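Asker: Those protein sequence lines, which keep their order, are chains A and B.
Using the numbering used here, the first residue of the first sequence is number 0, and each one after it goes up by one.
Using the numbering used here, the first residue of the second sequence is number 6, and each one after it goes up by one.
Think of the hints as simulated: they come from the structure by calculation, not from any bench.
Here the structure is a predicted model, which means the values were calculated and not measured.
Please note that the accuracy of each hint is not assured.
[Stated by the list, open to error] Ranges between beta-carbon positions, derived for each pair:
{"#": "1", "chain 1": "B", "residue 1": "Pro-27", "chain 2": "A", "residue 2": "Arg-53", "range": "22 to 32 Å"}
{"#": "2", "chain 1": "A", "residue 1": "Glu-310", "chain 2": "B", "residue 2": "Ala-300", "range": "43 to 53 Å"}
{"#": "3", "chain 1": "A", "residue 1": "Glu-310", "chain 2": "B", "residue 2": "Asn-183", "range": "41 to 51 Å"}
Glycine residues also receive a C-beta, built at the ideal position from the N, C-alpha and C atoms.
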Amino acid sequence: MKTEDKKRVLREMVLHRRFEERCYQAYIERKIGGFLHLYPGQEACCNGVMEAARPGHDYVITGYRDHVHAIKCGADPKEVMAELYGKETGSSKGRGGSMHIFDAGKRFMGGYALVGGPFPLAAGMAKAIQLKGGDEIAICFLGDAANNQGVFHETLNMAALWKLPVLFVCENNLYGIGTSIERSTAVIHQHKRVAAYNIPAAECDGQDIDIVYEHARKAVDHVRGGNGPYFLELMTYRYRGHSMSDSRGYRSREEEEIWKQRDPIFLLRDRLIASGDLTMEAFEAIEKETDAYIENEVIRFAEESPEPRVEDLDKYVFADRETQRPWLTGKAA
Amino acid sequence: MANIMYWEAIQRAHDEEMARDPLVICMGEDIGVAGGTYKATKGLYEKYGPLRVMDTPISEGGFTGLGIGASFLGVRPVIEIMSVNFAWLAMDQMFNSAAKVRYMSGGQLTAPCVFRSAGGAAHQLGAQHSARMEKVFMGIAGLRVVTPSNPKQAYGLLKSAIRSDDPVFINEHELMYNMKGEVPDSEYFHPLEGSDIARAGTDVTLFGYNISVHWCLKAAEILDKQYGISAEVVDLYSLAPLDREGIRKSVSKTHRAVIAEEDEAPVGVGSEVIAIINEECFFELDAAPVRVHSALVPQPYNHTLEKAAIPDHEDVVKAVLKMFGKV
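With the sequences and hints as input, model every part of the structure.
Answerer: If you want it as structure tokens, here you go:
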């Protein structure tokens with residue numbers, strides 16, 4: 000990555016971190032309902048991969064820890080926050096919530112709440128790309144625990160069999176809800192499981208964005224080059240619990256501190272300071288500007304936006320209801 | 006009008022739609038090189054090639070999800086699930102992804118895919134190959150469920166389902182693929198919502214769908230000839246949504262209703278139709294509506310036991326005669 004890009008990405012990662020921390024606060028204040036899964040600690044994963052890919056052009060899909068992936072693809076943070084507030088101006092018009100952020104215009108194809116569910120959907124999007132002949136790729140971001148679902152194996156088999164242009168990114172944060180990977184999974188290093196399907200795979204440090212980026216470039220080039228699927232495993236850690244209802248009783252504070260020593264934002268910040276491309280004052284200014292933006296624009300937009308109308312409760316259930324196609328009723332034919 | 010078989014009608018609908026739109030594809034187990042277990046995709050592999058006629062591995066959850074994902078980008082997959090019993094493995098993707106994606110994305114994504122599957126008891130296929138599962142599919146918001154009772158519907162419903170922007174589940178029947186019937190020579194789209202009056206009558210309405218329409222028609226014939234009872238037969242080809250207006254109209258005319266279904270009784274088309282009758286036209290009734298249904302047992306293998314578990318036209322006749330106080 001060029002220095003200018005690194006500085007831009009640092010600013011984005013600060014936004015991603017602060018956005019999520021602000022969600023935490025809003026949840027405590029009961030402005031946000033339902034389940035809330037936060038991303039702090041894993042920022043280098045999404046950012047490193049998407050810097051190597053083409054946000055807004057490539058199709059991206061993920062699980063329920065989805066706010067940052069949506070924003071990285073180009074979704075407006077204001078609309079993402081409005082969605083968390085359940086407002087009509089939200090990215091899914093208040094019908095989705097935290098686990099179902101969508102921005103089809105930016106080719107962010109959604110967050111899904113069934114663990115592993117997006118695997119075959121991603122392969123299907125890749126199938127559509129293959130049929131249409133475009134140069135896009137499909138990128139599926141999921142956690143390590145999703146790999147214990149049957150569709151993981153079914154999808155890898157089909158993706159390899161049909162040489163589909165899909166990149167699987169495994170953000171291995173070592174926990175599936177509240178169970179550690181050692182206690183749930185016979186193979187810790189997930190890329191080893193993929194070898195069985197003749198899919199090239201790599202594992203790397205998911206905290207250092209330079210390392211993620213270098214590995215992701217190889218992965219993206221492979222997939223975009225028409226060579227079929229690729230699996231990239233990023234070793235990472237989530238600072239918060241699985242969701243807000245999680246008190247992290249299944250792991251030690253010492254372990255958390257060890258990971259925080261290698262914080263993805265601070266790693267990049269310190270590298271830029273060491274090379275003389277950034278000062279600590281400039282970084283602190285970025286943090287302040289970000290907080291001001293979140294408070295004055297993002298939160299304000301969410302607070303001031305209208306609720307969906309109850310009369311529209313069943314809007315969006317059926318597409319054909321809205322268009323009244325002849326094949327729905329036969330009457331207009 | 007051509008007189009063709011149910012499977013030929015399905016094959017023709019596939020062929021016409023695939024010839025028209027390069028984004029219509031079909032996928033499933035043994036549908037390509039092998040031509041399909043029930044021949045419904047015969048000849049398509051040779052004509053459209055492996056990219057559009059996909060022989061899938063035996064991974065129902067995986068390939069169903071793959072088809073749904075492709076549909077997000079405008080591909081229109083017709084996904085064959087060889088037997089409806091195997092659809093249990095695909096339901097997560099059908100229900101959680103296809104049926105809900107439009108709503109939970111605020112209308113941004115749609116899943117215009119078609120799921121076709123053979124359901125129903127055939128001949129001694131045992132507990133895990135004889136299920137009727139329409140009761141499971143018809144209660145899912147965002148999913149359309151249709152079930153053809155004849156070749157014309159099989160052709161026209163598949164044509165409409167492929168054109169529909171909503172996910173559609175088509176419940177076929179293992180015993181009906183070789184049934185013959187008239188299908189229009191010109192292109193025909195059967196409506197995805199509503200019901201058909203298969204036979205007009207005045208004294209009692211017999212509601213059926215898929216194979217039970219034929220029990221009802223046979224029963225109506227017997228009731229007319231032997232007992233002088235004029236039965237109307239309503240074909241509920243759309244199970245989701247059910248045709249409230251069609252149900253109300255017919256019962257308001259005949260004042261009596263019998264619902265025949267091959268499915269087991271607790272929870273199903275029968276209970277839903279009776280609920281609709283109660284809600285729409287309770288005071289039009291001259292008798293309590295009844296349902297004719299299968300026994301609540303895993304389908305037995307033994308021929309005699311199997312026959313005892315599943316109703317037929319004689320059970321429909323008996324139910325009507327009892328309603329009229331004639332037995």
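Asker: Is 22 to 32 Å respected by the C-beta to C-beta distance linking Pro-27(B) and Arg-53(A)?
Answerer: 25 Å, holds
Asker: Measuring from beta carbon to beta carbon, are Glu-310(A) and Ala-300(B) in 43 to 53 Å?
Answerer: With Cβ atoms ~45 Å apart, the hint holds.
Asker: Does the beta carbon distance between Glu-310(A) and Asn-183(B) stay inside 41 to 51 Å, or does it fall outside?
Answerer: Given a distance of about 49 Å, which is inside 41 to 51 Å, the answer is holds.
Checked against the numbered hints given earlier, the structure satisfies every one of them.
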